[in-house]
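Peer 1: Generate the whole structure from the sequences, applying the supplied hints.
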Amino acid sequence: MRIKAQVAMVMHLDKCIGCHTCSVTCKTTWTNRPGTEYMWFNNVETRPGVGYPKRWEDTNRYKGGWILKDGKLKLRAGGPISKLAKIFYNPDMAEMEDFYEPWTYDYDNLIHSPKRDNLPVARPVSTITGKYIDKPEWGSNWDDDLAGGSENVAKDPNVEKMQEHIKMEYERTFMMYLPRICEHCLNPSCVASCPTGALYKRDEDGIVLVDHDACRGWRFCQNGCPYHKVYYNWNTHKAEKCNFCYPRTEAGLPTICSETCVGRIRYIGVVLYDADKVKAAASVEDPKDLYEAQLSCFLDPFDPEVQEKARKAGITDPWIEAAKESPVYKMAMKWKIALPLHPEYRTLPMVWYVPPLSPIMNHITNEDELDTDGYIPAVDQMRIPVEYLASLLSADDTEVIRKVLLKLSAMRVYMRGKTVGGVDEFRQSELVKQAETTPEEIEEMARLLGVAKYNERYVIPTGRREMDDDLHYKRGACSLEELAPPEGMNPRFGMMKVRENL
Amino acid sequence: MAGRNNKLLQSLQYIRRGNKINDNWTEESPRSRDSEELYRRRWSHDKIVRSTHGVNCTGSCSWKIYVKDGIITSETQQTDYPSTGDDYPEYEPRGCPRGASFSWYTYSPARVKFPYIRGDLYDLWRKERNEGKNPVAAWEAIVSNPEKRKKYVSARGKGGFVRVEWQEICELIASSIIYTIKKYGPDRVVGFSPIPAMSMVSYAGGARFLSLIGGTLLSFYDWYADLPPASPQVWGDQTDVPESADWYNSKYFIIWGTNLPQTRTPDAHFMVEARYNGTKVVGVSPDYAEYEKFADIWLPARAGTDGALAMAMTHVILKEFYVKKETPYFLNYVKRYTDLPFLVILREHGDEYRTDRFLRASDFDDKEKLGEWKTVIWDEKKKNIEIPNGTLGHRWDGGNKWNLELKNGAGEEIHPQLSFLSTSDEIVPVSFPYFAEEEGGAVTRGVPVKQIKDKTGNLLKVTTVFDLLMAHAGVDRGLPGDYPADYDDPKPYTPAWQESITGVHRNHVIQVAKEFADNAERTEGKSMIAMGGGTNHWFHSDQIYRAILNLILLTGSQGVNGGGWAHYVGQEKVRPVEGWNVISFATDWGVAPRLQNGTSFFYFVTEQFRYEIKNDDEKEDAWGSKYRGMHPADVNALSARLGWLPSFPQFSQNSIDIVKESREQGAKSDAEVIQHVVEKIKKGEIDWAIENPNDPRNFPRVFFNWRSNLLGDSGKGHEYFAKHFIGGEHQVMANAESSWQPEMVHISDTPPEGKTDLFVSIDFRMTSSGLFSDIVLPAATWYEKYDISSTDMHPFIHPFNAAISPPWKAKSDWDTFREIAKVFSELAKEHLPKTEELLMRPLGHDSEGEIAQELGKIKDWRKGETEPIPGKTMPHLQIMERDYPRTYEKMITIGPNLKKGYGGKGVKLPGEKVFAELKDRLGESTFDGIGKGNPDLFSDRKAIDAILFMSGATNGKRAVEGWKSMEEKTGLKLTEIAEAREEEDFTLEALTAQPRTSISTPMWSGMEKDGRRYSPFTVNTEYNIPWRTLTGRQSFYLDHEMILDFGEALPLYLPPLNKGPFVKNDRQVADDGKSLTLRYLTPHQKWGIHTMFTEATPMVQLFRGWQVVWMNEEDGASIGLKDNDWIEVFNRNGVVVARVVLTYRMPKGMVYMYHAQDRTMGVPGTAINKKRGGTHNSITRISVKPTHMIGGYSQLSYGFNYYGPTGSQRDTIAIVRPLKEVDWLEN
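For the record, the sequence lines run as chains A and B.
All the letters of the first sequence, read from the start, carry residue numbers 1 to 502 under full-length UniProt numbering.
All the letters of the second sequence, read from the start, carry residue numbers 1 to 1227 under full-length UniProt numbering.
Since the hints were derived computationally from the structure, they do not count as laboratory data.
Treat the numbers as computed from the prediction; the structure is a model and nothing was measured.
Ideal Cβ placement from N, Cα and C applies to all residues, glycine included.
Misleading hints may appear alongside valid ones.
[As the list claims (entries may be wrong)] Here are the in silico distance ranges between beta carbons for each label pair: (1) B:Asp80 to A:Leu68: 43 to 53 Å; (2) B:Pro30 to A:Gly79: 24 to 34 Å; (3) B:Asp985 to A:Ala251: 54 to 64 Å; (4) B:Arg41 to A:Asn362: 50 to 60 Å; (5) A:Glu399 to B:Glu976: 57 to 67 Å.
[What the hints assert, rightly or not] As a list, the in silico DSS-like pairs of lysine-lysine whose alpha-carbon atoms are at most 30 Å apart: (6) A:Lys72 to A:Lys83; (7) A:Lys131 to B:Lys1171; (8) A:Lys167 to B:Lys1148; (9) A:Lys115 to B:Lys148.
Peer 2: This is the structure:
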């Protein structure tokens, strides 16, 4: 057992209002520079829909993630030799039209237009070519709220798979939102894809980063990531990706996308896992078993043995305490209502999703057909097909989805019974039993999902900076030292560095 | 630091392999992580400043503004709101993607950095000035010369701005004002600035200046059609709604035409989270709107048919919870808190009866003071008529019985009888209006009545409002008449009846109505309906809302936390309203402001009244309405001369000259002047401006547009604005000559164009309004000034703070108007000395004006039906002193008139002490002049602290004083509501340190007491304070003569209007292949707040850029459209060019052009007119509803932004077709 800690995230899709605040605050902070115009470390997709970049889930096209070949885990895009062959031309790579051609407007014309015959206007301008365009043709969220209709929805790879279940018509409309950031996977294929080894997963918190000093801009990470969450900066010629706002998490603050999420859908917490189990978990035969296999990597922070081994592995008590309070641990591991996105990619993603509820189909008009308590609809009457959610979150295992939705419905029925009454007590207890939960668990869930206080949504211990740097020096450091390096100090230990051999 | 200095050494060190783990799958690498510093540096900042966004979105969110190296870098939401309680979701974080993009503007190329003026105007100005003319003479020389005037007016909207300095531009503006006042009167100087709540001091800057000089301020809430007229009609209140956190208290939540996730973004989570606490959510919308995602059931009612759905639900609730069984909670509630037990007279009409006015105390004798304003009930125990406490008569009779205790004047208990069903003297056939299929129709149903003798011995037939409602709603109680047999009988208003209208399955209607009421019974009223633009922006919005409110009132859900209506369109709630009123309208200097209803103003100024389409005049109106056939402009003129609505400019004659003439002709006292004027008015020697809108004397000459994008956003009938008001490029295709013209309003042969002499915009970005303006002044952004903001969505008051000082030549609005006032005052010394003028004001709500019109009978003095009496049968008249050279001195100090006291909504606060204490709080002015030694009001920060100090919501002492004043009128104990917070005293500094929850004051009807969530009308239900209505209760029934004439006494369903897209003699558009005629709707959008934020790069790229129009994909395919194709949308009002968004999420037969994308970005020329494509409002034209013009009668009395006609624009039909060629018109 080799215990490591990771700061992970849960997104509660039922709560997502599709507002894109996360995307904007993230962009304003991290990708608001030349070369990054098209990058959205965080984006939100309307589903069903094609996503950003277009059809990123089409693994045949982009060849991201891992496959199991002869019982062995391999990059779908191929090993180092096939990479070398493609190093100057990689046909798997997403192109600009798969993302979009970013644009702006000629705003200055509004103020400084000379006198003309007609009202001045700011024409659209491509930020790549600097030339006028007549109209934008695609964007990072072009199909928001089912814009483009069946033309776009039909191209959703999940929809393609299950045509007979999805009717693209007014009466049967359904939609949901899928916010996405880097998954900060336990088994990151982007890291494995890089020919120069420039990507790494941080030891102390599991955040996956690009080493900008090492990156040579080969871009294999871009399509090596099946979630397409590594981008290429055409100005600096380096890869960039979601950094889980480590400058904030190190300070104990939630990521920008989380703190600014007005739907309050995001939860951040520490989980402990056994790093020695990762390969085996990613290598189970049946994709439907990947979810449970991934769960088996996580460790119970309340187990004294785990705690002891964690301490030995350098994990401090505040981190162990945080792991105990972790909302991620509760939702993903304990209650099992949060699921990994596309577990079949075998990267063991660490952003977890609670699947959304949805309204009943309107063709149900007979009161007797309305299950549960009559007020709260039953899982099988909901608009979003369980198969669709299963395609996203459980490698097509619909039972996993049904279980979660049942639990969430049972919670609503139970809480209605508790706060209003008028619910048939027998049916309610049957439902709770069927959902494999208990009143205690339900009340705990209702609090974390509904009341959702800041300090319960985000349980983040501050970063362990004391492990690696000369903090005494850093307190007063000024970039002047880059011009004039300090002399006369022992550069190996600094003044206050603890000698490891003592 | 190790190895930091030698990269090569460093990298060599890492050739060493790391430790392999995980079955050799993973390597623990010791490599350097120096590049992590890059992002750490990006995240760093020097300071965080608390500010917010002054935009009309109801958000009022508190933000952290990050400043690094003196540059504003970004913003994220504050999370430090006071807690809502241990078991309750919090307000953090409040904010949305739009607000999060705001810092883009600070340094963007769209920013207005300097004062700009149209080059043609500047040339003219320089020429006159260089010739040696003084500024006022220079302005006169330009505007009085038609050729010169035309030169710059015709250049509007065509580019060619030049930069000028502040001093010079202020001189030009001040001169135009002085010239206008001298020549036409001060009321021709007009200001439009909406939504003070979003930045109160920035509003106050301009409002104070205009009020001091006698200028006209336009309302906005009614003009935007965000004002729900049903609210004053039902409650006598403008709008009072629960804060969003109260949604979490609801156990059954219907979202009905308000897109909470999309438009109430920071609040939506309370609804979402309530579901985990067991709340059921129902969504009603024609499209699969974002909020349907959270619904348990979607009721896809066709656009504009919500009233039908609500009437059917009303039917079900009455049947199930009032007939099939009796529900004690409901019965008790409606008897105490609604007008259902009040008695109404039935009037003979042919063989049948019609409902007439309320029975009143004055019908029996003349003993009761103000008996004609005291409505009565039947006591079920004593079997006699009783006058319950709390009616409008009690409010003004000088006594202390204005309360809702179930007692009569003698203090005896009373027992209101709800129905005469079992005790009637007879059953009579009553004919009820029924307009679902045609405009005038009726159904006849039996109603139980009581026969009562009045004071003249007449035998009256009376019944209760409840019995009328039962019959009207078609609830069968075994009475004769045309009642439906059951829910499946398609007669009004059954679930089966609504099915063909709304498209909603009858079983769903029954289920939802039953659940809604059942939930309310179980929870004692925790059933809530969120409503908004989708249900309110219609011509018949009042009736749609009243029908929906039936459900709320019948289930006892109003005035209960977690229950009631939740209407959110427009950030109308100025929490510290008493203090803000004083500062904004300069009442501290004894000024009465000219507050004009925006709808009427724009209706006339943009000549939209000349493009009306007459109701089908071939068909006879079976209901026999007298006023329905009257042109709305004629009704408006009637309304103005009877004092119902304000009307500025007021008379064709200059209001200064009118007084001067009277004085010259011998009138001495003010009263004599007024008497003299009334005589002249009676003789027709003074002309009403509203009756002569085409007379150039009545044009609004100088127009200020600030905190607003009137011409790119809220200017409904945009092309009529462009044509008649501005005189710029326009695409009107309607023909005025062949439209319906008024009879009493005098018009010229051709409607005038380019009415205004000077249009000034103040903004930090260049919008359509700026493009059409003569002058654009650079405003400070919300991160560069001080101000305060509040909303009804949460209980806090948020400060704006300057993260950086205004860059370039930008100024805050407060400073801008102060500078203009300064230059104006200096010029006035020579050109405009102290004078006096005549001011006209309408009969106001919450004043004795609301008991002006007895029994709600219309009497026109012009027809000799009554005498013209100011303040009674015509507007108030008063003489106002205008000391123009002292305007600046008054602007920057608080005047002594404050000592006389102040307040609002009938609440009066003492002023002496406040005036004295303000000297300490603000310091004394040292500026030489009339205000020396008074409290100092020089800066925006002083204005903020003055407002906070004077208002109950922000100062506990004021709150207690307010409640004390209410105790006198009601005879109730009320001060305890605020006592626990009496010591609290908010300042700008305190609010900056942390948001504070406002204090309960009688200016509002809910309470923040004991940490509870704000829910409106809880002081009414818990403390027995009456509603400010005729009966003092919540109103189902309205009995004004004109309402009865329109058949709208009780809530009913009226279909949307179907006028256009073209009518006879309009300009023909050449046929260009396939097209579709559809309903055109403009709901609020996702990527901006109105036009604000829409330019910001993150917002632009998050969807498709601008402009776009949504429609059903099959509709699109039928005219050969593909997604993202260019289209033209047009009708007689104008033309839009946009790209189409096709989807199956929308039903067929309608398009959404989401509100306010502004035409400034990416809009090519139209094929039809070869001009720049229009805005979303190029297709619209407002329709005004005459019944909203009623005034001087109880709750149907005028209040600024409170009551009056709304600028509804939703009932629009348009044509869509492909645009074949893109022309950017770069000539």
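Peer 1: Please go over all the hints and tell whether each is borne out by the structure.
Peer 2: Hints and how they fare:
As the Cβ distance of Asp80 of chain B to Leu68 of chain A is approximately 50 Å, the hint placing it in 43 to 53 Å holds. Judged by the Cβ atoms, the range 24 to 34 Å given for Pro30 of chain B and Gly79 of chain A holds: they are separated by roughly 25 Å. Range check, Asp985 of chain B to Ala251 of chain A: Cβ separation about 35 Å, and the 54 to 64 Å hint is violated. The beta-carbon spacing between Arg41 of chain B and Asn362 of chain A, approximately 54 Å, falls within the hinted interval of 50 to 60 Å.
Look at Glu399 of chain A against Glu976 of chain B: about 58 Å separates their beta carbons, and that is inside 57 to 67 Å. With a CA separation close to 19 Å, the supplied pair Lys72 of chain A and Lys83 of chain A stays within the 30 Å bound. The suggested pairing of Lys131 of chain A with Lys1171 of chain B holds, with an alpha-carbon distance near 23 Å, which does not exceed 30 Å. At roughly 17 Å between alpha-carbon atoms, Lys167 of chain A and Lys1148 of chain B fall within 30 Å of each other, so this suggested pair holds.
Only pairs whose Cα atoms come within 30 Å are accepted, and Lys115 of chain A paired with Lys148 of chain B is accepted, the gap being roughly 17 Å.
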